[in-house]
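Novice: In case you want the letters, here they are:
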Amino acid sequence: MADMSVKVCGVDFKNPIIPASGVFGYGREYEELFPLDKLGGIATKGTTLHLRTGNFAPRIAETPAGMLNSVGLQNPGIDHFIETELPYLLTKDLVVLANIAGSTPEECAQVAEKLEATDVHMIELNISCPNVKQGGAAFGTSCEMAAEVTRQVRKVTTKPLVVKLSPNVTSIADIAKSVEAAGADAVSLINTLLGMRIDINTGRPILRNNVGGMSGPAVFPIAVRMVWQVASAVKIPVIGMGGVSSGRDAIELMMAGASAVQVGAAIFTDPYAPVRIVEEMNEFLDSKGITSVRDIIGTVKPW
Amino acid sequence: MKYVQGKYIITEKKAIAREIYSFVIACPEVAEIAQPGQFVHIRANGFTLRRPISICGIDKAKGTLRIVFEIRGEGTSEIAKLNEGDLIDMLAPLGHGFTVRKNFKKVVLIGGGIGTPPMLPLAGHYGEKAVAISGFRNASAVILQDDFKKTGAEVILCTDDGSMGIHGFVTQPLKDLAEKGGIDAVYACGPMPMLKNIAAICKENGIYCEISLEERMACGIGACLGCACRTVRNDEEYFAHVCKDGPVFKAEEVLF
Numbered sequence: 001m002a003d004m005s006v007k008v009c010g011v012d013f014k015n016p017i018i019p020a021s022g023v024f025g026y027g028r029e030y031e032e033l034f035p036l037d038k039l040g041g042i043a044t045k046g047t048t049l050h051l052r053t054g055n056f057a058p059r060i061a062e063t064p065a066g067m068l069n070s071v072g073l074q075n076p077g078i079d080h081f082i083e084t085e086l087p088y089l090l091t092k093d094l095v096v097l098a099n100i101a102g103s104t105p106e107e108c109a110q111v112a113e114k115l116e117a118t119d120v121h122m123i124e125l126n127i128s129c130p131n132v133k134q135g136g137a138a139f140g141t142s143c144e145m146a147a148e149v150t151r152q153v154r155k156v157t158t159k160p161l162v163v164k165l166s167p168n169v170t171s172i173a174d175i176a177k178s179v180e181a182a183g184a185d186a187v188s189l190i191n192t193l194l195g196m197r198i199d200i201n202t203g204r205p206i207l208r209n210n211v212g213g214m215s216g217p218a219v220f221p222i223a224v225r226m227v228w229q230v231a232s233a234v235k236i237p238v239i240g241m242g243g244v245s246s247g248r249d250a251i252e253l254m255m256a257g258a259s260a261v262q263v264g265a266a267i268f269t270d271p272y273a274p275v276r277i278v279e280e281m282n283e284f285l286d287s288k289g290i291t292s293v294r295d296i297i298g299t300v301k302p303w
Numbered sequence: 001m002k003y004v005q006g007k008y009i010i011t012e013k014k015a016i017a018r019e020i021y022s023f024v025i026a027c028p029e030v031a032e033i034a035q036p037g038q039f040v041h042i043r044a045n046g047f048t049l050r051r052p053i054s055i056c057g058i059d060k061a062k063g064t065l066r067i068v069f070e071i072r073g074e075g076t077s078e079i080a081k082l083n084e085g086d087l088i089d090m091l092a093p094l095g096h097g098f099t100v101r102k103n104f105k106k107v108v109l110i111g112g113g114i115g116t117p118p119m120l121p122l123a124g125h126y127g128e129k130a131v132a133i134s135g136f137r138n139a140s141a142v143i144l145q146d147d148f149k150k151t152g153a154e155v156i157l158c159t160d161d162g163s164m165g166i167h168g169f170v171t172q173p174l175k176d177l178a179e180k181g182g183i184d185a186v187y188a189c190g191p192m193p194m195l196k197n198i199a200a201i202c203k204e205n206g207i208y209c210e211i212s213l214e215e216r217m218a219c220g221i222g223a224c225l226g227c228a229c230r231t232v233r234n235d236e237e238y239f240a241h242v243c244k245d246g247p248v249f250k251a252e253e254v255l256f
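Here the protein sequences line up with chains A and B, keeping their order.
The working numbering puts the first residue of the first sequence at 1, with every later residue one more than the last.
The working numbering puts the first residue of the second sequence at 1, with every later residue one more than the last.
Please keep in mind that the hints were generated in silico from the structure rather than gathered at the bench.
Certain hints may be false.
Quick list of the computed label-pair ranges, beta carbon to beta carbon [unchecked claim]:
(1) A:R204 - B:V232: 41 to 51 Å
(2) A:D37 - B:K102: 41 to 51 Å
(3) A:D286 - B:F256: 53 to 63 Å
As the structure is a prediction and not an experimental result, all values here were calculated from the model.
Here a beta-carbon is modelled for each residue, glycine too, at the ideal position from N, C-alpha and C.
This is chain A alone, in the form it adopts within the complex:
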């Protein structure tokens, strides 16, 4: 049994696996299947200052080895999160990353400010949601905007601040360097890739929002590449995600430079995926005689 614990921004995780924001709600639905303390952490559903109703349906489409979503940040608002969901999650033995979003840098800062008085362990600032018209992806695609929103949130929070990056950019390493300089304690990547499907019988896009975020096994090699590029460019820790569906995938992403790994779409295929992935990682490490999962972080030997 290898030591599976990792430390990110001074926060101890019992294992490196974290269900990604958006797939896992606030954990309650999956707790019906397994105890949440089997997870290293949870990235909660993206939460904004006020309730958001989200986009019209259909919000979901299947793609080859993946899927599209355009939920549009439907959430009950930060006050509800703090009053109802967070206290419950804090009774569990896992790291809580509160994923937050907003239409303006000021709104993001207001949400972060409200979390300052809570015992939440980390803040994951979403500057990369492709499904909202204002804010979201717009922040994540320019170095200046990404830095500005990071600075504003940094000013109001002492919590470890993880900035979640968009892959829909020319150079994700440049964005990562910008948010690092603006005070981010870590970055997480990749959010979904912008995609589209059309029903050829009707000529209509399948998603009512026309376009949506693509995730699932198909995006995994892109995630590996981007995690590697970012980990090589910044000094702060990288939390990797994007199409991870097995322990081997998680190991690969950690070798590319990730200190922890988030699991998203794989949970829709196999609701036990996060738990299974921890077990599979452990088996791999044991088979190689590696005693700590930390020993594989960033160990890729590029040609």
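Take the given structure of chain A and dock chain B to it, following the hints.
Specialist: Coordinates of chain B only, in the frame set by chain A:
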């Protein structure tokens, strides 16, 4: 325990119409807690998303569930390749089912096309108190009529082209029944235009009505908020979710 995920043996597979299959699945832990109107979320090999399929039969004594589904695309086509003796991966039972009341003396069950299967467990509950109206495109698409007859329900069959049963839509026999009066509830599942018309007829006649909806779905348990449905509750419009708040909704709450 509200739902479980596991692999269960298919004990019977039948093709009951063109591209429509019936599976009986041995899953005592699921059958034990399943309710009419709930669904199962089935993994299709090689696909990211599971496919939600309504429950067509619950046999608590035998510990089996029955599902009837149509091949709609690649995912359901993959599920249809499974055979007797194979394992089927299900997350089940899911969703909010139909309200079944002992004091209802007469109910009408309406299924349109592949919306017919979830009506069968209700027919099993209500027996002779039920009138089961089913509508299909044509005679070759007709399914489950003998199963409905076995429950003791009165059976009315309609086809769009008149090739079997009444020539026309399910709404005509519903109107006739509604005018005669004495109906305590209408339950329906099928295409949205059909459900919209049924909801309107029930509203006009002051009849309680529940409808089962479908939507493209990811998690199936209310976590991802993918399967949104516009509804009104307490005069407030909001996006409910078909997988958790539904698939069965009070017709008056749904914004068509």
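Novice: Each of the hints needs a verdict: does it hold here or not?
Specialist: Do the hints match the structure? See the list:
| no. | hint | result |
| --- | --- | --- |
| 1 | A:R204 - B:V232: 41 to 51 Å | violated, 26 Å |
| 2 | A:D37 - B:K102: 41 to 51 Å | holds, 42 Å |
| 3 | A:D286 - B:F256: 53 to 63 Å | holds, 56 Å |
Of the numbered hints given earlier, the model fails hint 1 alone.
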